[in-house]
Each structure stands twice: as C-alpha cells, then as structure tokens.
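Please put together the full structure from these sequences, using the hints given.
2 protein chains.
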Amino acid sequence: MLITDSGGKRTFRFHLSEYRERLYHTKKKMQEKGMDVLLITDPANMNYLTGYDAWTFYVGQIVVVSVDEEEPMWIGRDQDVNGAHITAWLNEKNIIPCPEAYYHSDQKHPMDFFAKLVHLMGKSNRTIGVEMDMYYFTATTYEALKRALPNATLKNANALVNWVRLVKSDQEIEYMRKAATLAENAMSVGIEQIDAGVRENEVVADVYHELIAGTDKFGGDYPAVAPLIPSGDDTSALHVTWSDRKFQANDFAIIKLAGCFSRYHAPLSRTIAIGETPEKIKEAGKRCVEGLHVALGTIKPGATCEEVEAAWRRSAEKHGVLKDTFLGYSVGSNYPPDWGSHTANLRRGDRTVLKPNMTFHMIPRLWIGDLGIEVSETLRVTENKCETLTEFERRLFVK
Amino acid sequence: MLITDSGGKRTFRFHLSEYRERLYHTKKKMQEKGMDVLLITDPANMNYLTGYDAWTFYVGQIVVVSVDEEEPMWIGRDQDVNGAHITAWLNEKNIIPCPEAYYHSDQKHPMDFFAKLVHLMGKSNRTIGVEMDMYYFTATTYEALKRALPNATLKNANALVNWVRLVKSDQEIEYMRKAATLAENAMSVGIEQIDAGVRENEVVADVYHELIAGTDKFGGDYPAVAPLIPSGDDTSALHVTWSDRKFQANDFAIIKLAGCFSRYHAPLSRTIAIGETPEKIKEAGKRCVEGLHVALGTIKPGATCEEVEAAWRRSAEKHGVLKDTFLGYSVGSNYPPDWGSHTANLRRGDRTVLKPNMTFHMIPRLWIGDLGIEVSETLRVTENKCETLTEFERRLFVK
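Quick note, the sequences are listed as chains A and B, same order.
Heads up: the first sequence begins at 1 in UniProt numbering, then just goes up one per residue.
Heads up: the second sequence begins at 1 in UniProt numbering, then just goes up one per residue.
Think of the hints as simulated: they come from the structure by calculation, not from any bench.
Quick caveat: nothing in here was measured; it's all calculated off a predicted structure.
Glycine included, every Cβ here is placed at the ideal spot set by N, Cα and C.
Some clues are possibly wrong.
Here are some chain A residues pointing at chain B (derived, C-beta under 8 angstroms) [as the list claims (entries may be wrong)]:
(1) F137
(2) V204
(3) V225
(4) E306
Next comes the structure, spelled out in structure tokens:
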C-alpha cells in the first residue's frame with residue numbers, strides 16, 4: 001500500500017534520498033562480490049529498491065540493478081506497468097512492459113524477454129547476480145537465463161539485498177511501530193472473541209478485520225502470512241490454518257498474527273487457555289514469559305544472535321521442555337508466503353553481531369508433551385539494549 | 001482447513017477412494033511421460049494427492065510419488081510433521097521429518113535431505129519428474145537435486161498434476177459452490193460499504209471478514225490472493241493493493257475477490273461507480289456484461305478455450321475498447337500467491353477442449369482510455385453447456 005498525505009493524495013513511502021541510499025549500499029555489496037548486474041526477483045527486495053508494490057509476484061517480473069547505471073530498471077507484465085508508474089519512483093524510461101505472450105506460455109518465458117533487455121543494455125557478457133533460492137526464481141527461470149545469456153558469468157546473490165535491509169532506517173522503524181499497534185489491537189480482539197462454542201474461523205475473521213481496518217489515523221496492509229490460531233491438538237501443528245471447529249472448554253489455543261503497515265510487519269503471539277487450565281500449562285506459561293524476559297535482557301549492540309538464543313535455552317532447559325533451538329528471526333518488510341527476512345536468526349550457530357535498529361521477532365516456545373506454548377514480541381535493538389515494538393501483556397491468558 | 005463433521009470432529013475433505021483415484025491418474029500420466037518418480041513442491045498438488053494442508057510452503061517440503069509404490073511420501077520440516085499427521089491420509093511411516101538444521105542454513109538445503117531419501121528408496125538412478133516452473137521449486141533446489149542424484153535422469157513435470165486436476169469431481173464442485181456463496185456474500189458487503197468518504201482499507205476489512213466468517217453452516221478459508229479494490233486512477237493498475245485513501249465522488253472502483261472453502265476458490269469481480277457516472281462508462285459496463293453473456297453462451301463440452309475467447313473478442317471489438325486476449329483461466333484449489341490453476345486458459349491459441357466439470361474464472365475486461373471495467377463469473381462446464389457457480393447481478397453498480 002501507498003501512504004496518503006493529509007490531503008488524501010498518495011505519496012511514496014520513503015524520501016527519494018532513502019531509496020538512493022539503499023541503492024548505494026546494494027551496489028557496494030555487488031562490487032564487493034564482483035557483480036556488475038543484479039537481477040532481483042524477490043518482491044520485498046524489488047519494493048525496497050524501487051517502491052514497487054502490487055500483488056503481481058505470481059507472474060514473472062524483475063528489477064535490474066547495474067553498478068554503472070544510476071537507476072534500477074523494472075520489467076514486468078504489460079498489464080501491470082501502470083502499477084509500476086503509480087508505486088515506483090523510477091523514471092518512466094526505466095519501466096518496461098513485457099508482452100502478454102510471454103506469460104502462461106509453453107513456448108516463451110518472461111526470463112527470455114528480461115535477458116533480451118540485459119543483452120540490449122550491453123551487459124550480456126558481464127557478471128550477473130541472481131537470487132538463487134528465492135521463491136519466485138524458479139528452476140525454469142534460471143535455465144532460461146543461462147540459455148539466453150551463455151556468455152554471462154552467473155553468481156549467487158541470494159539474500160544480498162536482504163542483508164542490506166537488516167538495519168532499519170528511522171522511517172522503517174516508524175512503519176513497524178504502526179504495524180505493532182495493528183498487531184496489539186488485533187490480539188486484543190482475538191483474545192476477547194475466543195471462547196468455548198465460538199468457531200475458529202469467526203475469531204480469525206474478527207482478527208483480520210482489525211488488522212486491515214486499522215485505526216482512525218492509518219489503515220492496515222495484508223500480512224504476508226494469514227493469522228494462525230491452532231487450538232486443541234493442533235497446537236502441536238503450529239502452521240495448520242483454522243477450520244470451522246468450535247473451541248471447546250479446556251482447549252488451549254495460540255494466536256499468532258502480524259500487523260502490517262506498508263509491507264512492514266510486527267508479529268505477535270500469545271497462548272490462551274479456555275476454562276480449567278492444568279497447573280502444568282500455567283507453569284509452562286510462566287516459564288515461557290520468564291525465558292522471554294531473560295532473552296530480551298541479553299540483547300544489546302555487540303551481542304551475537306547465538307548468545308541471545310543460548311540465554312533462552314539456559315533458562316528453558318531448567319524445566320526440560322525445550323524442543324528446538326530457533327528463538328526468532330529478523331523481521332520487516334515482506335510479501336507472501338513469509339514475513340521473516342531470511343537473514344539473521346536468533347539460533348545456535350548464528351554469529352551475526354547485533355546493531356542498533358535491527359529488528360527481530362523473538363518467539364520462545366515451550367512444550368507440554370506434544371502441545372506448544374508461545375509468548376512472543378517484536379523488538380528493536382536500541383543504542384544500548386532493546387525495546388519491544390509490540391507492547392502486550394506477557395502471560396498465559398485464561399478465559 | 002479441514003472439514004468438521006456434525007459432531008464437530010475434523011474429517012478429511014475427500015473419501016480415500018477419491019485420493020486413490022487422483023493418484024492413479026497421476027501415475028498414469030507419469031508412465032506416459034516415462035517418469036518413475038515425481039517430486040512435488042506445488043502446495044496445491046501436494047494437497048490434492050495427500051490432503052496435507054498448512055501454511056508451511058515458505059520452507060522446503062515435498063511429496064514423492066513413485067509409480068511402483070502404493071502411497072506417496074510426505075517429507076517436511078520437523079516442526080510441521082504433526083500437521084501432516086492431522087491433515088494427510090498417509091500412513092505414519094510415509095510421513096518423514098526433515099531435521100531443523102537443513103532450514104535457513106548456508107551449508108545445508110532441505111533438498112539434500114529429500115534426495116538422500118530418494119537414494120535410500122533405491123531410486124537415485126531412475127527418471128525423476130520435477131515441477132521446474134513452480135514458485136516453490138527454486139534454482140537452488142534444482143541445483144541441489146542434480147548434485148545429490150547425479151545418476152538420475154531429471155525431466156520437467158511442470159503442471160503434470162495440475163492437468164490431472166483440470167476436471168473436477170462432484171465433491172470438488174460442491175466445495176466450489178460453497179466458495180461461490182462466500183464470494184457472493186462478500187461482494188454484497190463490499191458494494192454496500194463502498195462510498196465516497198469511506199477508506200479503501202475499511203471496505204477490504206469488511207470483505208475479508210465476510211469471506212472468513214462465512215455462513216452459519218460453514219466457515220471460509222483464506223483466499224490465495226487478497227481482495228483487490230483498485231479505484232480512481234488505480235483501476236488502470238489492476239493488481240495494486242488497497243491504501244487508506246478515501247473513495248471520492250465520481251471514482252469508480254473494481255472489487256475483485258474470491259471465496260475460498262477448503263482451498264477451493266470461486267473468484268468474482270464487479271465494477272462500482274460512485275456518484276455521477278459518465279455515459280461512456282455506463283455504456284462500457286453494458287458492453288462488458290453483453291460480452292460476458294455471449295462468451296458464456298459458447299461454452300459447452302467439445303468447444304475449445306480459444307473459441308470462447310474469440311466469441312468475446314468479436315463482441316467486444318465492435319466497441320473498440322479491447323486491450324488483451326486473455327479472457328480467463330481454469331480455477332479451483334490453490335495457495336498463495338495465485339488462485340489460477342496454470343493449465344487451460346480462455347485465450348487465443350489455447351486449444352484445450354472443454355469437458356464437463358471443468359471450471360473457469362471468466363473475466364472480461366473493457367477499457368475507457370487507461371481505466372478498466374470488469375464483470376466476471378466462476379463457471380462450470382455442464383453436460384451440454386455451462387452454469388455459473390457464482391450468481392451475482394451482472395451490471396455496473398452505481399452508488
């Protein structure tokens with residue numbers, strides 16, 4: 001989504017100077033890795049560098065960054081070009097339509113056309129970076145590129161732009177704060193609505209409504225993942241989506257959602273027990289909150305991701321209810337199917353050093369047999385420690 | 001989502017016999033193409049053959065079909081295995097966890113593990129089909145497979161299962177009818193809410209709520225694409241998502257949405273003019289509906305996809321307001337980012353012969369300068385002509 005100014009007119013999300021700075025850092029990383037050209041297919045990376053924002057990532061589209069060209073180039077489906085004119089800051093000459101005949105065809109592939117343009121730019125024998133493991137860079141796309149540009153040297157540029165995105169600007173943090181407000185409001189609605197006899201889908205409907213209706217001051221964008229409310233046995237299956245089953249007395253449920261503002265996410269997770277709650281579940285809820293506090297307390301510039309996870313693990317292992325070693329992940333702007341940023345993770349082996357304005361979703365999880373309990377926060381690394389962007393009571397809720 | 005029976009217990013979506021029939025037809029197609037093994041990464045295809053349904057397609061997961069094994073095998077992330085136990089009909093021994101260390105790692109890739117199992121099954125030197133151009137089969141996934149199984153012959157099995165899915169069973173049609181009811185109800189809400197001074201995001205919030213809250217009898221699933229409501233200049237950019245801009249008097253807007261029941265979609269699109277409507281827009285609305293009727297009238301078993309599009313084009317070209325030659329696409333079960341089925345399309349050059357129980361989203365579009373008008377329906381080919389699953393007044397709405 002774009003932002004509207006006080007007069008109701010659409011404006012770009014960021015100042016042009018910020019887009020130029022992003023581009024500068026991207027080109028610098030390209031040069032470090034010896035790349036002349038970067039072909040970007042990840043929609044969040046396309047958006048980060050150009051502002052382009054539309055639900056078009058289900059078809060071939062690309063942003064081309066060259067170290068020796070001032071502006072990137074957007075190439076996408078003919079029918080989507082107006083979307084680029086409206087949302088991207090690029091010069092009109094750098095927005096190129098790919099003809100309809102390249103789409104949904106057995107004979108042609110959008111990459112055939114994209115490669116043709118790289119050739120026309122005189123860059124077909126250069127070193128070209130591609131995002132090898134991104135959702136929208138399929139095996140066929142890669143094969144088509146290799147066939148069309150046999151003299152190019154292809155290099156893996158997976159997550160190159162994602163790493164540039166790791167430290168957020170103040171404006172990005174501002175958008176994440178708005179997303180956090182949306183997440184808190186939606187969580188309140190979810191916890192209020194959930195009860196024995198209510199269908200799971202009804203609670204999700206209310207949560208979705210709150211996420212998108214937003215506040216008087218700003219509206220919500222679609223989160224990259226649908227709200228998840230596993231309950232009963234499904235809390236053993238964290239990513240199973242809702243059904244129209246009714247919540248039962250003695251169920252317990254996890255609400256996992258993210259507020260989203262202008263593609264920036266603030267995820268939030270809480271566990272809710274309905275009716276009588278076994279003592280061991282109450283106890284696990286307390287331990288989970290305690291571990292969250294311990295782990296939050298270790299975050300500061302200079303600490304590493306794995307140190308934060310180790311602190312959580314030490315706290316949780318005392319109670320013998322830990323299953324995995326994945327405590328959280330960098331979060332920010334993204335598109336379906338994932339709101340995670342695919343860079344730094346709070347887990348064993350990740351030695352990324354924390355810096356101010358990095359943002360994470362920290363999601364400690366404890367297990368009672370097969371059933372999981374979660375209490376999470378979205379946080380920002382500050383100048384000397386951390387603050388949570390989401391502010392929501394940290395406890396096991398009981399209805 | 002799973003279905004709940006009258007006692008509120010979860011049940012599988014389809015009888016086991018239907019899953020077995022799907023598997024039979026898939027194996028037959030594999031044999032025709034000389035494939036011994038098929039590695040499925042498309043979540044709708046995984047779901048079609050096994051019932052597996054969860055928001056886990058953002059990480060590596062796979063279904064393995066072998067012509068000489070009775071059951072498919074599901075392999076996915078360790079933490080998601082319980083989701084497979086709950087939603088898939090497979091024997092427990094055919095549900096295999098892939099260890100956490102293979103995920104979000106620079107050193108290991110989930111495909112390394114999947115390939116290892118193919119090797120253990122004694123099939124590493126066989127002919128293996130892969131879905132080369134599916135969103136979740138990345139270039140890295142393909143490279144890892146080639147490296148791990150150097151003696152296998154890899155063949156492109158893109159859309160192989162999608163083509164098996166083209167003709168729907170009566171049970172699938174039943175689910176699409178439910179999805180159509182959800183779409184109609186949500187469209188009513190959208191048209192009712194849209195008005196000058198209302199923010200776009202508020203209308204989307206109400207539409208989303210209706211899609212998921214569903215009816216007293218059944219709840220809604222998440223559609224694979226968010227509802228889109230381009231308005232004003234954005235109707236020239238069909239896939240730009242909403243903002244918190246307020247609708248203005250004299251805007252016109254398109255509401256494009258899909259009801260979704262158990263992953264089966266029924267898309268529906270209508271155009272709404274707010275306040276004074278220029279005569280030429282009213283006229284275009286009439287022409288669009290007229291063309292829709294003409295095209296629907298040509299659908300019957302034995303006709304080809306391109307004949308249907310040609311009838312629409314002849315009707316529309318009289319008025320000189322046609323831009324493209326893409327009238328619609330096969331639709332049914334799917335996951336983000338697309339609800340289309342990537343098989344038969346109602347467009348020039350597509351000679352697919354229509355058969356009973358094929359289903360399409362027919363979406364004629366006319367242009368007034370840069371602004372688009374749409375009036376669509378989801379339809380089923382019947383024994384001798386067609387019926388629309390969505391039933392919604394076909395006209396330009398004026399508020």
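Of the numbered hints stated earlier in the document, which are not met by this structure?
4
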